[in-house]
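Throw the hints in and build the complete structure from the sequences for me.
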Amino acid sequence: MTHSQSFPNSNLNLDQDSARLLFDRAGKLLIRCQSSTSRLDHPGAEFGIDFAEWAIGPDFMGIKFIPPGLHFFHYQSAAPAHQSVHNSNNHTFRNGFFFWMAESQTIVFEWNPSSEELIPEQRLDQDHVARLKHNIREFDRNLGTYPLDSSASTQSWPRLTRHITPNLLHRILPTPLSGGIHPLTAAMESTLSDDPTTSVAASTKNSLTLSPPLLCIQFTSFDLKRSWDPALHGPHPHLVTKHSLDKSWLLLQTVNRAGGDQAFLGELQLAFICLLVGHNYEGFEQWKRIMHLVCQSRDAVGSDSQLFADVLDVVHDQLAECPKDFFIDLLSSGNFVYHLLSKLMRTILNPDTDDPPRPPALVQAMRRVDELCRKRFGMELQAQEPGDWRARDGKQSEEHDDEDNEDQPVVVDLSEGWVL
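Numbering-wise, full-length UniProt numbering puts 311 at position 311 of the sequence shown, and it's gapless, one number per residue.
Treat the hints with care, as some may be off.
[As the list claims (entries may be wrong)] With beta-carbon atoms standing in for the labels, derived distance ranges:
{"no.": "1", "residue 1": "R162", "residue 2": "D140", "range": "24 to 34 Å"}
{"no.": "2", "residue 1": "R131", "residue 2": "P360", "range": "55 to 65 Å"}
{"no.": "3", "residue 1": "D140", "residue 2": "R257", "range": "39 to 49 Å"}
{"no.": "4", "residue 1": "Q34", "residue 2": "R376", "range": "43 to 53 Å"}
To be clear, the hints were calculated from the coordinates, so they are not data collected in a lab. Where is the CB? At the ideal position from N, CA and C, for every residue including glycine.
Given below as structure tokens:
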């Protein structure tokens, strides 16, 4: 996940002219304290950007050499004496901002020591902000360097966010601020290893004290229990049963509502980043729901194989970045990842005789995920399984049912009507 280190200084070997040129062309993030007596480096405080985080020193005032593109700046203040900033799994709660950095851009924040929050420049005196940006070189020595010498920042981060666009970010994280600053905060205080079906809204008593705009995450919604065309209710109950077990119709509708294949992939990536770096529970829920939807859409594998190959490439990159203990503690609750990926692998590698041929790119993408799971996590996905994993006598096999109770399909009993 993130990599703790000391004050953000890079091992870049730059001569004076190269460093000056990079300073001018790259992005800068400047943090000013509200008063000369307040400091950023109080005990327990951490600041970070993307996959890097630091326990900062007294001279820290921000980050320089930031490449253009999407970034997530996050911070964690000291916890009150009666409350630890770590949950039982040692995963901390943090606040942060997504932003798009343009070439040569400077973004200003102000630290409020009373509320322990970063205030974006849109809420500050604009004349003061303009002066700070004009005199940004005065703060050069106080700006830590973006880790351009780290593969996690220069390779992994771009790869894990490559499908996220400004429009997608604005749709999912709409903000009252102008200028493309999108706030994100940890949504709840309970541990992620608890029942993952617990909704955030139902757990407000365990929530941190948050302002309403920070809680507005608008992922594409879909109901895994209602995965059929409503027009089928009544005239074609057998199709309702079929689409309850195979969620291909719902997948197609969800992809369209998300804005197409690329936007759907971007949402899968954003949900994962919200979880991995933002420690945000809603990101985990959406990532899990998308995994359920994709891996249980058998017919769509034949009709839209490229989407599945792209999803598998995204999931491969995500699992490759997960620390092993993080995956085991948080993502394998009930082994749902193992069961879902095994189900998808059987669909791809062992199709029925009447299924369309599986394109080589799709097969290769599935095998890459299988190999990663085996080598990194010791998970042997099951390409073969005794019996039929799909519908048996109108009901799913309980032996291999990996859906949460709330996601159980609705099965139609033709003789007695609806059975919920």
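Practice task
Compare the structure with the hints numbered earlier in the document and write down the numbers of the violated ones, lowest to highest.
Solution key: none
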